[in-house]
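Using the sequences and the accompanying hints, generate a full structural model.
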Amino acid sequence: MTAIDELLADARIPTGRPDAFDVGAALRRLARDAATATVEPDPAMVSAAQAGQRLSVVSRWVLNMPDAADHVDRFAQEPRTVDDGQLVIDGALVFACLLHLTGYRDSAQFWWQLAAGAGHRAAAYCLHLHHFSRGEVREARHWLHEVTDDVLLDSEAPDRLFLAVLETVASYVRRTGLSQASPPTAGLEMEVDRLAAAKTGHIVRPPDRRLADRLYDFTRSARHALHTTPATQ
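Okay, so the sequence shown: first residue is 108 according to our numbering, each after it adds one.
Hints were generated in silico from the structure; no laboratory data involved.
One should not assume that every hint holds.
Said to hold, decoys possible - Cβ-Cβ distance ranges computed for the label pairs, FRET-style:
#1 D174 <-> A138: 56 to 66 Å
#2 R212 <-> S154: 17 to 27 Å
#3 R301 <-> R135: 49 to 59 Å
No residue lacks a Cβ here, since even glycine has one placed at the ideal position from N, Cα and C.
And the structure:
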């Protein structure tokens, strides 16, 4: 017998003995191998998911600020002619965070860009996380550069310390359970849906006094929930 014949003989599958191949044992072995196999997650997808979670935490923190409703109220009155521009910019930030939390992500991006273009560092950081969560690394890096480069904004522009502070806030919100204790209420979501229904184009229209009134009620309820809900570890 030649070497080739020996190889072919070894490779031959016997057919005369039905019990030569144990199907059940083979399936059990395959299941065991599948259970013990480890699939490494894609680092880019993990980073994007973490950025999205961090953005939601920061957005909830912004929405729960004691003066959030004041900012939106001023923004709703006349966003283009209010003398104190900083309040209007803060109102755009709060409104964008509310839009993000209620699912209007493209409109949130628009209003964050409005605030960030006027030099609002927190809005720029939100845009950094927003693009990062979508896997848009180039845009995310651009907005991070806007946050950290003091030449692009002003002499009081943020640095890495600002990012560290925001990270500390995000950790605090997660640790205390604030993000779960006071999510956007159905009332706020209904008001945002109302504004979205009246939009022209693809962007949700600016807030009005009715939304601001709802937000006043929401922030009062959120403060009450924070003081009555035990912190989660």
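Status of each hint after checking the structure:
no., hint, in the structure
1, D174 <-> A138: 56 to 66 Å, "58 Å, holds"
2, R212 <-> S154: 17 to 27 Å, "18 Å, holds"
3, R301 <-> R135: 49 to 59 Å, "58 Å, holds"
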